[in-house]
Amino acid sequence: MYQYTEFDRQFVRARAAQFRDQLERNLAGELSDDDFRPLRLQNGWYIQRHAPMTRIAIPYGELASRQLRQLAKVATELDRGYLHFTTRTNAQFNWIPLPRAADAMDMLAEADMHGIQTSGNCIRNITTDVFAGIAPDEIVDPRPYCELLRQWSTLHPEFAFLPRKFKIAVSGALEDRAAIAWHDIGLQLVKNAAGEVGFKVLVGGGMGRTPVIAAVATEFLPWNQIMVYIEAIVRVYNRFGRRDNAYKARIKILVKAEGQKFFDQVNEEFRKILADDVGGSAHIIPQAEFDRVAAFFKRPEKVHPAIGGFDPNRTGAAPVPFLRWLDRNVHAHQVEGYRAVTLSLKRPGQAPGDVTSAQMEAAATMADRYSLGELRVSHDQNLMLPWVREADLRAVWHAAQDAGFATPNIGLLTDMIACPGGDLCALANARSLPIAAAITEQFDDLDALLDLGDIDLHISGCMNSCGHHHTGHIGILGIDKDGDEWYQVSVGGSDGSTLSGASVPAKIIGPSFAAEEVPAVIQALIDTFRTQRAANERFVDTARRIGIAPFRQATDAVRRETAVAA
Amino acid sequence: MKFIDRHTDSWLLLPDSEIAGPAPHRLLTLAQWEAVRGAWRDDVPVGVLLPNTADVEALAADLPRIALIALEFPKWVDGRAYSQAHVLRARLRYAGEVRAVGEVVVDMMPLLQRSGFDAVVLREGERQSSAERALGFFPAGHYQGDVLQPNPLFARKAA
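Chain order of the listed sequences is W and B.
The working numbering numbers the first residue of the first sequence as 1 and each following residue consecutively.
The working numbering numbers the first residue of the second sequence as 1 and each following residue consecutively.
Just so you know, the hints here were simulated from the structure itself, not pulled from any lab data.
None of the values given here were measured: they were computed from a predicted structure.
Using N, Cα and C, we set each Cβ at its ideal position, and we do this for glycine too.
The reader is advised that the hints may include incorrect statements.
If you only want the chain W side, here are some residues facing chain B, beta carbon under 8 Å, derived [claimed, not checked]:
{"no.": "1", "residue": "Asp21"}
{"no.": "2", "residue": "Glu30"}
{"no.": "3", "residue": "Pro38"}
{"no.": "4", "residue": "Leu39"}
{"no.": "5", "residue": "His156"}
{"no.": "6", "residue": "Leu162"}
{"no.": "7", "residue": "Asp277"}
{"no.": "8", "residue": "Ala282"}
Same shape as in the complex, but just chain W (with noise of 0.2 Å):
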C-alpha cells in the first residue's frame, strides 16, 4: 500500500488549517454560505437533509486497517456511530454538526485521510479495478498510476472551477471492472507489440440525464506522458465545456458535440505543451518517480505463495453455507495460496454500503488479522480483504459471520448498489434506501438468489446517479413528480465487465411506478426471467435477447396505483 512521506502529511494538514480559516470565516460571518459552498465541497462538506454530509476520499480504494479504525473513532465520536461508502470507494458521514467539521477533519488527518476533491466541479477521487495487485488478470499494477495522478490533481491550480464535475478512472487487467467507459477519462493499461506500458485513453463517458460511452482519444499513449495528455484533455474541456447549463456541463456533451475536432483540439495542446510550456515536458513522468512510487505497492514481503492447492473438504464435508460463501464471496488470486475475499455489506437490517463503528473495527481486526494490515473499499459498495490465505478461509468465514459480512451473495440480486438517496441527500428526488430494505426483504431464499444468477440491480435516488442506475442489469431511478416519489426502472444496463458485456445504458421498461409498487416490479421482471430463461442464461442476456416489450407488460400487470401508459 502507498505510504504518506513528510511532505503528504504536512500537506494534509496544511488543507485542514485551510479548511478550519474558511470555516471560522464563515461561521463569524466574513465568509457567505454561498461563497462558502465550493469551498466546503472540495472538501466533502455537503449540507445536507438533517445535517452536513461529509464525504471522505479512499484514494483508489485502498484502505489500511489504521484508517478505518479511525473512521470508526470518527462514526463514534462525531457521527451516529456508522458510515456508508459509495460508489467512488469513497466514506461518507451524515451527521456531523458543521461547526465541528475542521475537528473532524484533523482527526481523519491524523491517520493520512482528507475530504480533498470528494466534490466539487473538479477531478474527483480516481477509482480502479477493487483487485488491482491481485488479480489473475493483470497487465499491469493499475495503483502507481493511480498514486501518481491523485497528486497530479490534488490541488491542481488551473482546474479546481471547471465546468462540471470530473472522474477518471484506470484499469490495468484484462477484465474491466472499473467501468471505465462510463469515466470522464478512463484510462486502460495496455502493453504494445514491443512489451511497452501505455494507456489506452477513452474520453467523454458519463452517467447522469443523458448517459454516453466514452470515446477513444488513443489507442496507445507512452505511460509516461498521461500527466501532460490528461493536463491537454482537461484544458480544453475548462476552456470550451459549457458553462450556461449545469445538465450538459460534463465533457461528455463537449466531446459528442464537438466530435474529431475535439480531438484534434487535445492532441494540438498536447503537442504545445510539449514543445513550447515552460514546465510542460516537466511532467513526463522519469522512471525514478515511477519506480519510488511503485516500491509501495510491491507484493508484500510477508506474502509466500503455498503450494498443494485448496480443498474445503480436506478434513471432512465442509458445511454448506461455507460452500456458498467460498462460492460467491471468494475470488482467485495472483498468488497461488491466497485468495480475495469479500465482506458483504449487503444484508438485511443495514442499508447497502453502511458499516457500523463496531463492525469498522471488526473488519480492521479481520485485515490485522488475515490480510496484512489491508482493505479495499470496492465500486459496488463492499469491503474485501485482498491477501487472505487459503488456509485461513474457513477461520474468516467464522470471523466474517460474527460481524455480519458473510452473506453469501456477491454478484446476486441483493448485492446491490444504492444511494443514500433522499432520506439523508438533499440532491435526491426519492428514497432508495426503502426501496433497497424492501427488496432485499422481499428476496432472502438464498437458494432462490443463487439460481438466479448474477444480477447487478443498481438503485439511485436522482439523475445524479450515485448508484449507477444506468449499468444495472436492472436499473432503478427515483423521480419527483409534483411532490411525490416515483421510480423509472430499466433493464439491460452494463458496466462494460464480460458478464455484462460491452457498456450501454439500460433500457426504460415504461412508465415511472408508484414506490408501493417497485417490490412487485422486480417481482415480475424475475418471474419474467424466470418463464423465459433458457438454460443457465444470466438475466442481463436473456434481457439482451428477448427485448423489453415481455418485462413491461409483466410490470404492467402489477400497477396498482400508477396507470398503463397508453
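Since the structure of chain W is provided, determine the placement of chain B on it from the hints.
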C-alpha cells in the same frame, strides 16, 4: 500578489467614444484594442481587458506591446481565466502584469498566484488581510508544477 485599490488604480477603462489615440494607462477592451492596435505607439504602455472566452494565443504578436492584461471572473467559480493566465505565462512567456478582475474573492488567491496572476482587484467587501493569509497555507509547495514553480515535486526533489 499586488492588491489593487480600485479607487486609486491608475488604469482607466473608457467608453469607445473616448478612445482617441495612444495615451498612457488606458485599459482597453479586446474590441477597443483591435480597433486601435495599428495606430498605437509601441512606447505607450497599454492594458487589455480580456473576456474569459478569448483565445490568448491569438494575442501572441501583440504581447510585447501590452503592459497589463486583465482577466475577468464573471463568477468566481468560473475557472476559465486560470487557463488563460497559465497559457500567457507558461506558453507565451508574457512578462507584464496579469490582473484578476470581476468577482475575485479571498479563497481564489493561491490558485490565482499559481496560475500566473500577480495582481488582483478584490470584490467589494473582501478583506485583504484574509487574502494575504490565504496565500500562506502551503509553505512546502504542491505536487504538480505551476507558473511560479514549473517543476513538479518529483523534479524538485531530484534537483
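Requested in this report: Could you tell me which of the numbered hints above are not met by this structure, giving the numbers in increasing order?
Outcome: none
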